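Starting from the structure of chain E, add chains H and B where the hints point.
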Amino acid sequence: MIPVTYYIIFSAVLFSLGTLGVLIRRNSLVIFMSIELMLNAANLSFVAFSRIHESFSGQIFVFFIMAVAAAEVAVGLALIVTIYRSRHTIDIDGMSSLKG
Amino acid sequence: MTLELVLFFILAVIAVTTAVGLLTSRSTIYAALHLVTNFVTVAIFYLLLDAPFIALAQVTVYAGAIMVLFLFVIMLLGIENIAGELEWKGLIWPVVMAVILLAEGIFLVVQRIGKNIYVESAGTELSNASTMAKYLFTDYLLPFEITSILLLVAMVGAIVLSKHEKPAKRGLEKTR
Amino acid sequence: MLFSETTSSGQFFGLVPWIVFAPIIGLLINIFAPYLVRWLNQTFKTELVWSETATGLVASLAAGATFVIATLQLISLGQHHEGAIIPVAEWIHVGPLALDWNFRVDSLSTTMMLVVSGVGTLIHIYAIGYMHEDVRFKNDVGRYNRFFVFLNLFIAAMMILVSGDSYLMLFVGWEGVGLASFLLIGFWYDMDTLGRPSWANSNAAKKAFITNRVGDFGFLIAGFLIFSYMGSFQFDTVFAAAPELAHAHPEILLLITVFMLIGVAGKSAQIPLYVWLPDAMAGPTPVSALIHAATMVTAGVYLVTRSAPIFSLSHDAQYIVATVGAVTALFAATIAVGQYDIKKVLAYSTISQLGFMVAAVGMGAYVAGMFHLVTHAFFKALLFLSAGSVILGLERGHHHLAHGHHADHAEVFDPGDMRNMGGLRKQMPVTFWVYMIGTLALAGIFPFAGFWSKDEILLDASRHFPHVYWILTAAAFLTAFYMGRQVWMVFFGEARHEAAAHAQESPLIVTIPLMILAALSALGGFMNLPFAGFHNFAHWLEHTLGEIEVLGLDFAVAGISTLLALVASAFSWFLYLRKPLTSGQPDPLKKPLGLLFVGMENKWFIDEAYQHFILNAYANLSKFLAQTIDWDFWHEWFHNSVIAKNFVGLTRFLADPVDLGVVDNLSKVLADWVQETSQTLREMQTGYVRHYALSVLVGVVAILGYLLLVSR
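Those protein sequence lines, which keep their order, are chains E, H and B.
Residue numbering for the first sequence follows this note's numbering, starting at 1 and increasing by one per position.
Residue numbering for the second sequence follows this note's numbering, starting at 1 and increasing by one per position.
Residue numbering for the third sequence follows this note's numbering, starting at 1 and increasing by one per position.
Keep in mind that a hint or two might mislead.
Partial chain H-side listing against chain B, Cβ under 10 Å, derived [to be verified]: (1) P94; (2) A98; (3) E104; (4) G105; (5) F107; (6) F137.
Rather than coming from a laboratory, the hints here were simulated on the basis of the structure.
If you're wondering where the values come from, they're calculated on a predicted model, not measured in any experiment.
Ideal Cβ placement from N, Cα and C applies to all residues, glycine included.
Only chain E is shown next, with the shape it has when bound in the complex (with noise of 0.2 Å):
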């Protein structure tokens, strides 16, 4: 038997990963996908609260959050490459125009 304080540890870790992956890289994509692997940590901590609740309501918030990730991307992505279009670059300390 796994306790299942592991699962929520190691999600802790993955969500820290994510974290650092959006800090520290430049490029837009990389950093949409740890967005991403933070959303998954999220998941991953939800089921396992699911199993200790002994609750099915963990279990369906995942589904929604699925679905709402799946529109997110779409979104993202389709922000990602309007972006590249006007300014040719996809990193993003090329986008501070909000400098004050």
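Chains H and B in isolation, oriented as in the chain E frame:
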């Protein structure tokens, strides 16, 4: 050290390795492949947690659809890497913060939930795809339907955003 | 609705609303027909003309229709003495007040309708001829149409007055006739009575209207009192409630009657509000005859008669009304003796005769008052119209002279001045004879109409109020005297002006109404002969007024009054015709009466007294209020010095030290600080997404740490 636990650790190591690979790979393609591997590993964790429906959905939606979409975009834009991206300057603060976050998370889990919690598998009753369907179409019917609208909106949004604008042609139409 | 549930013989009651609608239709036609004709001419290139004949015909037909309807009411009343109330429309329904537009047909209102419509129709016809010449003498043919519109408006308003079933409806008519009177007195608003450019006529109109407002105020107060103490305006309800009020609050009842008397004094020209009536002669002569002699001015008499159940309850009220009437009768008669204008004499005579009527109805002799009202309507309309005929005759003569000799036009000729007349009986025979009949009727010579009605009043007075009897007898003596004086001066002797010598008789359209009125003046008295078995008019009015005490002929009273009339006539003959007046000669009465005659000549200086004591005082008060209170105190001192100066000082203080010194610097310091801070803060905006994401992460770590450390 049961067989399950061994499996868990092997999978965990694979998952963490691929995640680090995602962070460090220079090529975007490799990054995407690392992520696919990570997703499949997580899907196996779902199976271990008695959530076969979610596991299969993970494989289909994430590892399948979403990653294929990523690969398409990479191919479409022809972006492999960005020069000088992975230099180690300016990484201190993100790493420190991420480590603190991890430490906090682990501390929280251990403190609030406990180190070793074993939960017996509830059997097929709780892991059935039909149970999932029952919930989706009774208690969660409204969010489920709203999800379909969300997907439709995303679809339309993606089409609108990625549509090629043709200002010259439009101008001609106007003058005509 | 108009033909409501009446039996076959009473079927004409339903027609009574048309007594108002008919003249309104007439005036609407006369207003719009000229525009229609002009439109037709422009659109179809026709050459139609809305002629004077058409105007006069439409107006006279409208007036004639009211007479026909009034006659039909008479026929229906012959079988249904109780009369009828014909509802036409809902009017005012507020709280406990439920007032409908109801027409009341009974013997009293029908009498008034007959007089108004009958005399009115004759005067309409007369006016066709009279105005035809008048508009030409005054050089404004365009006003012909307007005159008949106003005249029809008057008939409509007067009909509302006499046929209304409540005090409020009566008041609507009361104001309506006041308006028509104003419009018609000021008909030649831009000239005086001699046609010279001046505002004299419009001033006369304003005087009439404003003086009437004073009376209306009394009427309104009386109406409010009636409503607040008896809860209704409707006649029957009020009369039913009156005895109870007389028992509980006799002083309120007296107050109602006194305020009503003020209204009567305004409309029927009694002391002290009579002053407008002589000036009202500025209107064209048919107006003087119809409105200011025969009908409108008798509205007050009608009001008192209609309110008989209220007045009869208070002996004090009767005493006051009778005394006011009698004093007015004598007072106006003395002024009439000293006048030279043919219409002014008749105007004061009208005031005097109205005094007789008011005295009569005040004494409770309602039949005598109404009887005198009817006969007076006949002979005074006749006298006024004949005077108009005389004036026209003189104007024709003057016109003739001006053309024949190219005489000096600068000399102002007054065709109404009796000192310019004389000997007219040869030039104007018809006018002379009808004038004689009117004079005999007014003077009270047997058997003309005035004899019967005046004697009835005197008889009643001698029975109930002896002091009134003596005053009225003196007034009757003076009446005969000034009428004799007028006839001798106008029709006998020698012409004192060339215009009089060349005067011409009026056309038939003018003289035929005169003859009809003359016949009525001569025979009108026979409708109420004071012999047993007759008293027709009294029995007729009994249906409305209840049981009436009928008096037979008292030979003492009748003999004295007839004797006095004859003596007065003889006396006037002695003064004015024994040695006929010559041109420029002062009045023969001047020397024996001295100062007394100066008073008569100048209307006892009442107008001047009013001017001095009331108008000037009022003007001074207004001036004081305007200059001292409003301007000096309120504007100059209070507004400018107190409010404005302090306010300016306050605002200056607020503007300079407070606003510039404190508020501005405060905000300046604040702004500088904000600018410096933001200069520093903008450095943080690197524009790198990573940095923003890192800030988010720092926040997450901090919050998580807080949760771990603090909230367990």
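query: Which hint numbers does the structure go against, in order from smallest to largest?
result: 6
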